[in-house]
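Peer 1: Just so you know, the sequences run in chain order A and B.
When you line the first sequence up against our numbering, it's residues 61 to 173, in that order.
When you line the second sequence up against our numbering, it's residues 3 to 118, in that order.
It is worth saying that the hints were derived from the structure and are not from the lab.
Owing to the predicted nature of the structure, the values given are computational and were not obtained by experimental measurement.
Note that the Cβ used here is the ideal one computed from N, Cα and C, for glycine as well.
It is possible that some hints are incorrect.
Looking from chain A toward chain B, a few residues come up when the C-beta cut is under 8 angstroms (computed) [stated by the list, open to error]:
hint : residue
1    : Leu103
2    : Phe115
3    : Ser133
4    : Ser166
In silico DSBU-like pairs for lysine-lysine, Cα to Cα no more than 35 angstroms straight-line [what the hints assert, rightly or not]:
hint : chain 1 : residue 1 : chain 2 : residue 2
5    : A       : Lys131    : A       : Lys143
6    : B       : Lys117    : A       : Lys74
7    : A       : Lys130    : B       : Lys18
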Amino acid sequence: DGGITQSPKYLFRKEGQNVTLSCEQNLNHDAMYWYRQDPGQGLRLIYYSQIVNDFQKGDIAEGYSVSREKKESFPLTVTSAQKNPTAFYLCASGGGQGNYGYTFGSGTRLTVV
Amino acid sequence: AQKITQTQPGMFVQEKEAVTLDCTYDTSDPSYGLFWYKQPSSGEMIFLIYQGSYDQQNATEGRYSLNFQKARKSANLVISASQLGDSAMYFCAMREGRGGGFKTIFGAGTRLFVKA
Chain A
61 DGGITQSPKY LFRKEGQNVT LSCEQNLNHD AMYWYRQDPG QGLRLIYYSQ IVNDFQKGDI
121 AEGYSVSREK KESFPLTVTS AQKNPTAFYL CASGGGQGNY GYTFGSGTRL TVV
Chain B
3 AQKITQTQPG MFVQEKEAVT LDCTYDTSDP SYGLFWYKQP SSGEMIFLIY QGSYDQQNAT
63 EGRYSLNFQK ARKSANLVIS ASQLGDSAMY FCAMREGRGG GFKTIFGAGT RLFVKA
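Chain B on its own, in the form it takes in the complex (with noise of 0.2 angstroms):
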């Protein structure tokens, strides 16, 4: 059964410095897509970054990059030049096979607290 497992419950960090939020995952699907989303206080859920398993870089979207080793099945996000606005709950999210239409299972979560 695939897995999602997020081990810092909340995290720490200074304005203008960069964090890393830790993701592992368990597939036995050669196939799958490995996602962050962010969920400020709000409650609706953004989607940040995506990472497939065939990719052969690290996916990056602008301060956001995914820093993905297969072997080890860890999928981390790294915030660079973190900013107040960056406080919220970071799920890590994964989706068995190609395209959509698969459903996706979350993690439970980290939340990040940037602090001025």
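Same shape as in the complex, but just chain A (with noise of 0.2 angstroms):
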């Protein structure tokens, strides 16, 4: 079946650590996006990307990184000058004209320890 993968579901950090959440989708939509919820918060964009090898800042883009080598993946790092990291991260991917909702992936609950 077709979907979005997120991975790990739960992923722990240390102080000064940067990590890496993995999203992978086999829906061959062109456009990826990361977004990040915090608690009774909707969902703030992170960056996106609307084609391989380019993607754009979102709202709240400091201190993450991404990349987007293939269409089927778009890793988030997380890296150690964000400051307040941990949230529910989710990645989105949607694709094509008219009214498409986005695909989500079941997210990952990031926490520094």
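With the hints as a guide, bring the two chains together.
Peer 2: Written out as structure tokens, the structure is:
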């Protein structure tokens, strides 16, 4: 079945450590997105990519980095520069014209220890 | 700047009754899309329904309908015949521009509780 796979489901990060969250899709979507969700709040856009080898900053890109070397993959690195990284991270993809909503992964819950 | 407002942090509804979740939006782009997503306690976001800014009729998908009032810039979600499984967070979202690949912004969400 087509979908988006995020891993790991839970991740613990030590202070000053970089961690990478994985996002893989087999939906053949051009565009992929990373959102951050804090408790009781909506989603905020971190980075998005509309095509391979290209990506743009979202509203809260500071302290994060991404790459898009393959259409299927859009990993997110949370760097030590991100001072408050504890949150729920959701990856999404969406492509084509029309009324397509995004397809989301099941999320990664990152905790700083 | 585009903006989505959901003014109801929480809503209660009796099973089998209908419920309306409010959403207002602000954009200067004449072409935009409005979406509703459901987020159960598992955390995954589920796309429910879409309304295009040029659509003349309100969108419907099964028990979900979107009450689109363009002049008032509102896009309320109506869930008919509520079920216990409808208990979840619901997010209104907007995407400017035609087609996919444009970034989507989300409201703060409304938590719906369905009572037996």
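Peer 1: Restraint: Ser166/A near chain B, CB-CB cut 8 angstroms. Satisfied or not?
Peer 2: At 5 angstroms from the nearest chain B Cβ, Ser166/A passes the 8 angstroms test, so the hint holds.
Peer 1: Is the hint on Ser133/A kept, meaning its closest Cβ partner in chain B is under 8 angstroms away?
Peer 2: Status violated, d = 17 angstroms.
Peer 1: Hey, does the Leu103/A contact hint survive, CB to chain B under 8 angstroms?
Peer 2: holds (4 angstroms)
Peer 1: Taking 35 angstroms as the top limit, are the C-alpha atoms of Lys130/A and Lys18/B close enough?
Peer 2: Status violated; Cα separation ~46 angstroms.
Peer 1: Check the hint pairing Lys117/B with Lys74/A against an upper bound of 35 angstroms on the C-alpha distance.
Peer 2: violated (42 angstroms)
Peer 1: Taken at face value, is the distance from the CA of Lys143/A to the CA of Lys131/A at most 35 angstroms?
Peer 2: Holds. Lys131/A to Lys143/A sits at ~30 angstroms (cutoff 35 angstroms).
Peer 1: Against chain B, with CB atoms and a cut of 8 angstroms, does the hint on Phe115/A hold up?
Peer 2: This hint is violated: Phe115/A lies away from chain B, its Cβ roughly 12 angstroms from the closest one there, beyond 8 angstroms.
Taken one by one, the earlier hints fail for this structure at numbers 2, 3, 6 and 7, listed in ascending order.
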